[in-house]
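Using the sequences and the hints given, assemble the complete structure.
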Amino acid sequence: MNQRKKTISTLFWVRKSRANGGKAPLFCRVTICGQRYEMPLNLAIDPKLWNAKLQLCTGKNPAAKDINRIIREQTDVVNAAIDKLQAKGYPLSIENFKLIYRAVDNDFSTIDKLFDYFLATGGNKLRPSTLKSYTATRRHLAAFVMLRYHISDFDITAIDRNFVNEFYAYLQGYLRQDNKRQCTENGALKHMQRFRKLLDMACSNEWIARNPADGMHWEKRKTERGFLTEEELKRIADAQLTPALSVLRDIFLFSVYTGTSFVDMTMLTDNNIVVGIDHSLWLNFNRTKTGQRCSIPLLEPALRILDRYENYRRASPQARLFPVPTNQVTNRDLKIIARAAHVDKNITFHVARHTFATTITLSNGIPLETVSRMLGHASIATTQIYAKIVDKKVLDDMAQLRNRYATENVCLKQKSNK
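Residue numbers (UniProt numbering): 1 to 418.
To be clear, the hints were calculated from the coordinates, so they are not data collected in a lab. Check the hints yourself; a few may be wrong.
Lysine-lysine pairs mimicking DSS-like chemistry, simulated, CA-CA at most 30 Å apart [claimed, not checked]:
id, residue 1, residue 2
1, LYS88, LYS113
2, LYS84, LYS65
3, LYS16, LYS60
4, LYS23, LYS53
5, LYS289, LYS220
6, LYS132, LYS88
These numbers were taken from a predicted model, which means no experiment stands behind them.
Pasting the structure below:
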């Protein structure tokens, strides 16, 4: 205790040089081994009422009592930070104190509270789907901490590279029970990216000294972007379906011929159908994901589908273009449609957008830049992925042709010149 008194001290003081309107700001100064750290308390008092010796505001009015209460609370926070600093065995320094103090003062010292802060300060800027993803990451972290450490929450200052590595392993099956489904490699990667972002935030706020995930890399598995061929589209269009599935087929095919994503499809209204510069109907909207403007001339198949839902739009309070079901129902029922159409592919709604990029546009000679604008990509590099898919299809088709020529011994006979 005597050693602590020699190396650590706390002092409250009024900065009279910043007096304004007869009041001056109150500061708290912590000194550790001769190094100082000053913190404003966001309070202004009359310097005449400050008793430096007693470290309190004199007077019996409510304002003086509130100031003295805040001083006591601040003293408790400082002492708690110092106790925690010493309990962890950290070297006594003002820098280490600042890290611990900010966590104690703001109460963001655990993973759960870090998520609370992240959502409180930036959650309103996230798309619902992104918010859902962060919620899933939070749930995985909580399950891992409970399984690995048998506690409900974890001190962020105790997170090290071993914790990060074990959490990544957990996402891929480590420590999990047999009935708990593990994440895919790319799914685990997304969770790690979100976790790293939270640790970056904690580091930038100086709640932790450094991000333990810095320099760590997780492999992303390259996946083929599925799309449908012209023949498969015809089979889907001709399939015998129930009325409900027929509606979903129309919505899916409208996306095939416009490249519209699911989330954008749910928000399309009559206002998004405009007369273009060629005096024909176009689809105009801003992409939810990138904010980019999409302007797509409507092809004949899309126009025919649009006409079938004119009565629905008139009855819809918001003039929605289509009665789009939930994403879960949509992807479930698309698999039923695929089976009915004898299409042996794992079809999700996003396959429609891929099909627009490949089969409908790029394969028909539409320039990459034009396709990129219609898809609302923020970077043409994203669209180039589809161009590679088209090139691969050309390669596969030519390989089949080469094999036919090789197996059938087909050759061109040259006529001899006489």
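Hints versus structure:
1. Note on LYS88 and LYS113: the hinted pairing holds, with a Cα-Cα distance of about 20 Å set against a maximum of 30 Å.
2. With a C-alpha separation of about 29 Å, the suggested pair LYS84 and LYS65 falls inside the 30 Å cut-off, and the hint holds.
3. With a C-alpha separation of about 22 Å, the suggested pair LYS16 and LYS60 falls inside the 30 Å cut-off, and the hint holds.
4. Taking the CA atoms of LYS23 and LYS53, the gap is about 19 Å. The hint holds against a cut of 30 Å.
5. Distance hint between LYS289 and LYS220 is fulfilled; the C-alpha atoms sit about 21 Å from each other, no more than 30 Å.
6. Of the supplied pair hints, the one linking LYS132 and LYS88 is violated, its CA atoms being roughly 35 Å apart against a limit of 30 Å.
Hint 6 from the earlier list is the only one contradicted by this structure; the remaining hints agree with it.
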